[in-house]
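Sequences listed follow chains A and B, in order. Okay, so the first sequence: first residue is 0 according to numbering that gives the first Met the number 0, each after it adds one. Okay, so the second sequence: first residue is 0 according to numbering that gives the first Met the number 0, each after it adds one.
Errors might be hidden in some of the hints.
To be verified - No farther apart than 20 Å at their CA atoms in a straight line, the calculated lysine to any residue pairs in the SDA-like style are these:
no. : chain 1 : residue 1 : chain 2 : residue 2
1   : A       : Lys91     : B       : Leu147
2   : A       : Lys224    : A       : Pro358
3   : A       : Lys91     : B       : Asp177
4   : A       : Lys130    : B       : Ser179
5   : A       : Lys360    : A       : Leu198
Derived from the structure by calculation, the hints contain no laboratory data.
These are the residues of each chain, in order.
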Amino acid sequence: MQIDLSVRNVTKKFQEFTAVDSVSFEVEKGRFFSILGPSGCGKTTLLRMIAGLTEPSSGTIEIRGESMIGIPPNKRPVNLIFQHLALFPMMKVGENIAFGLQRRGENKTVIKKKVQAILERVDLLGFENKKIDQLSGGQKQRVAIARCLVLEPAVLLLDEPLGALDLKLREQMKVELKKLQAKVGTTFVYITHDQSEALVMSDSVAVMNHGEFEQIDTPQNLYNKPKTPFVAQFVGDNNAWSGRVRQCNESTIEVETVDGFIFSTKVKETLQPGTEVDLFLRPEAMLIQPDPNISNLNRFEVVVKSILFDGANSQLLANPLNADTELLIALPQNRQYDYIQVNDKIEIGWDEESGICFPRK
Amino acid sequence: MKRQTRWGLFLFITPVLLWLFLLIVLPHIDLLIMSFRTENDSGDMMWSVSNYLNFFHEPIYWLTFVRTAIYSVLVTLLTFIIALPVAFYITKVVAPRFQGFLTLLLLLPFWVSELVRVYGWMILLRESGVFNHFLLKLGILNKPIEMLYNDATMVLGLVYTSMLFMVVPLLSVMESLDNSLIEAAYDLGANMWTILFRIIIPHATPGIVSGSIVVFMLTLGNYLTPNLIGGKNSLWFTEQIYNQFIASFNWNQGAAFGFLLLFLSSIAVWLGLKLTKQSLRKVVQ
Numbered sequence: 000m001q002i003d004l005s006v007r008n009v010t011k012k013f014q015e016f017t018a019v020d021s022v023s024f025e026v027e028k029g030r031f032f033s034i035l036g037p038s039g040c041g042k043t044t045l046l047r048m049i050a051g052l053t054e055p056s057s058g059t060i061e062i063r064g065e066s067m068i069g070i071p072p073n074k075r076p077v078n079l080i081f082q083h084l085a086l087f088p089m090m091k092v093g094e095n096i097a098f099g100l101q102r103r104g105e106n107k108t109v110i111k112k113k114v115q116a117i118l119e120r121v122d123l124l125g126f127e128n129k130k131i132d133q134l135s136g137g138q139k140q141r142v143a144i145a146r147c148l149v150l151e152p153a154v155l156l157l158d159e160p161l162g163a164l165d166l167k168l169r170e171q172m173k174v175e176l177k178k179l180q181a182k183v184g185t186t187f188v189y190i191t192h193d194q195s196e197a198l199v200m201s202d203s204v205a206v207m208n209h210g211e212f213e214q215i216d217t218p219q220n221l222y223n224k225p226k227t228p229f230v231a232q233f234v235g236d237n238n239a240w241s242g243r244v245r246q247c248n249e250s251t252i253e254v255e256t257v258d259g260f261i262f263s264t265k266v267k268e269t270l271q272p273g274t275e276v277d278l279f280l281r282p283e284a285m286l287i288q289p290d291p292n293i294s295n296l297n298r299f300e301v302v303v304k305s306i307l308f309d310g311a312n313s314q315l316l317a318n319p320l321n322a323d324t325e326l327l328i329a330l331p332q333n334r335q336y337d338y339i340q341v342n343d344k345i346e347i348g349w350d351e352e353s354g355i356c357f358p359r360k
Numbered sequence: 000m001k002r003q004t005r006w007g008l009f010l011f012i013t014p015v016l017l018w019l020f021l022l023i024v025l026p027h028i029d030l031l032i033m034s035f036r037t038e039n040d041s042g043d044m045m046w047s048v049s050n051y052l053n054f055f056h057e058p059i060y061w062l063t064f065v066r067t068a069i070y071s072v073l074v075t076l077l078t079f080i081i082a083l084p085v086a087f088y089i090t091k092v093v094a095p096r097f098q099g100f101l102t103l104l105l106l107l108p109f110w111v112s113e114l115v116r117v118y119g120w121m122i123l124l125r126e127s128g129v130f131n132h133f134l135l136k137l138g139i140l141n142k143p144i145e146m147l148y149n150d151a152t153m154v155l156g157l158v159y160t161s162m163l164f165m166v167v168p169l170l171s172v173m174e175s176l177d178n179s180l181i182e183a184a185y186d187l188g189a190n191m192w193t194i195l196f197r198i199i200i201p202h203a204t205p206g207i208v209s210g211s212i213v214v215f216m217l218t219l220g221n222y223l224t225p226n227l228i229g230g231k232n233s234l235w236f237t238e239q240i241y242n243q244f245i246a247s248f249n250w251n252q253g254a255a256f257g258f259l260l261l262f263l264s265s266i267a268v269w270l271g272l273k274l275t276k277q278s279l280r281k282v283v284q
């Protein structure tokens, strides 16, 4: 498989502050690669280094096997879609799209043909002579994508382009962007702080924090097998519980939590008794009033504090009996649990396979 | 309530209307009447357009006007060429905390009256001036040369005088230019010149046009700088007007020249707007 983008040990320092700390990754041709991280984690700086708008302090960036160090952005085979799109308001839609082709000195008829073809591809046929401020948010988005794709870049970089859209449109554009990427087959590098964007669209996702990559994996693995506590907490909702290992036999440990519960859970590495650990538990891993016949469940009682109704994502906010830990518990909307009221005492159970334990540093 | 607002409006608008009417409209009406009056052979005043016809019949008058207009266009162009990089540097390159300081430095010379500034230039440029002194000391010249009283120094003086009126509108339009537009153009393969002509100048057009109108009008109507730095050779149209009023004591002719200046410069501005496809309304905003 051809590697379109290869970043090795790239570091960027701004005086004392290290924005990007020795990051390495490779993106295969035609992949949708996302970098997910909270704001200020250095993801935009990383993207700007790939685009050439910022020079790395050290490390190498290769695009299709060619080193990009010292090459200005107007000579790189990558294009960047800016957070606020940066469409040229002084030009019409067609001129915006033709801008890059004109810079390459392609002839007029070829440009015209290519502009028509790309407009058709993004479903904006006939918009050529519209002004930018006549377009809706979603249309602007597509013009920005068309403006870059028409240049057939090796890698298309996207800097949170959906951030400015309203929720409904964002959901729609997520699907559209994914479809478009599959259709054109261009390698996408997408950065976002919105985990759902990253999970829905990407073939693989890198989770970034404090300038470093915590984990590069498929969306499924990030969610189900997080490698670090940060990933466990940042990707999806998670309940965190701190505790101490009581005993350990092969792959199962017994954890005593700070509020006195004893749970058993599976681990990949053996942990010495007495080790401080953080236990993470997904809201949907906790079953409400489980069948008494199911074995291997950690069972305990909670008091419902409030019901957070949000359609299919509804949750219960609850405290374990006689403890202050706040837990989020998934509340399936299949009408089975409609009887639950605030201040009710209910039993919760979770399978020992579904807990994730990290030794605390 | 409604009556109150009407009274308030009346109260505030009265001084403005009085100012406009008494100090601007009224004298101009008088001048306009004066410009259409001329003395006949027996010394009586009569209605006539001969004051205006004189302008077209005597080549010295209209040639002076054409020369003034061409130099004013040149001054406007030079001011723009110098002011654009300055405005770009202050708004886009320099760290934000120095922006205010640099703008202040730019404004500082304009706290001093134009007369003093022009004399400053004269001290620098005259035959026994500072420049000549240093050039002689350094051995570049063996005898002092007169740098004043030629067209080049006059243009220099006029550009210096008008700088501020170009930089300030440019600063405000450049401030509103999104940096990512420049980066996006760079990313799409544009070089510096393309970015300048396709992104920066189109974006800055309203500021450029309003700055240019102000600089052009001020230069065309400038009396002090051409007269002092350019001397008698400057042949500036305002000097013709001055001569008619003061030297020839022909107020009627002077008034006609004044109106011609107003009329012709308005046409020049209108032409400029048409050529650059700008509307005055957009520029005034």
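Each hint, compared with the structure:
Taking the CA atoms of lysine 91 of chain A and leucine 147 of chain B, the gap is about 50 Å. The hint is violated against a cut of 20 Å. Restraint check for lysine 224 of chain A and proline 358 of chain A: the C-alpha separation of about 15 Å stays at or below 20 Å, so the hint holds. Using a Cα cut-off of 20 Å, the hinted pair lysine 91 of chain A and aspartate 177 of chain B holds, with the two alpha carbons roughly 18 Å apart. Restraint check for lysine 130 of chain A and serine 179 of chain B: the C-alpha separation of about 19 Å stays at or below 20 Å, so the hint holds.
Proximity of lysine 360 of chain A to leucine 198 of chain A is assessed by CA-CA distance (about 28 Å); at most 20 Å being required, the pair is judged violated.
When held up to the earlier numbered hints, the structure conflicts with 1, 5 and fits the remainder.
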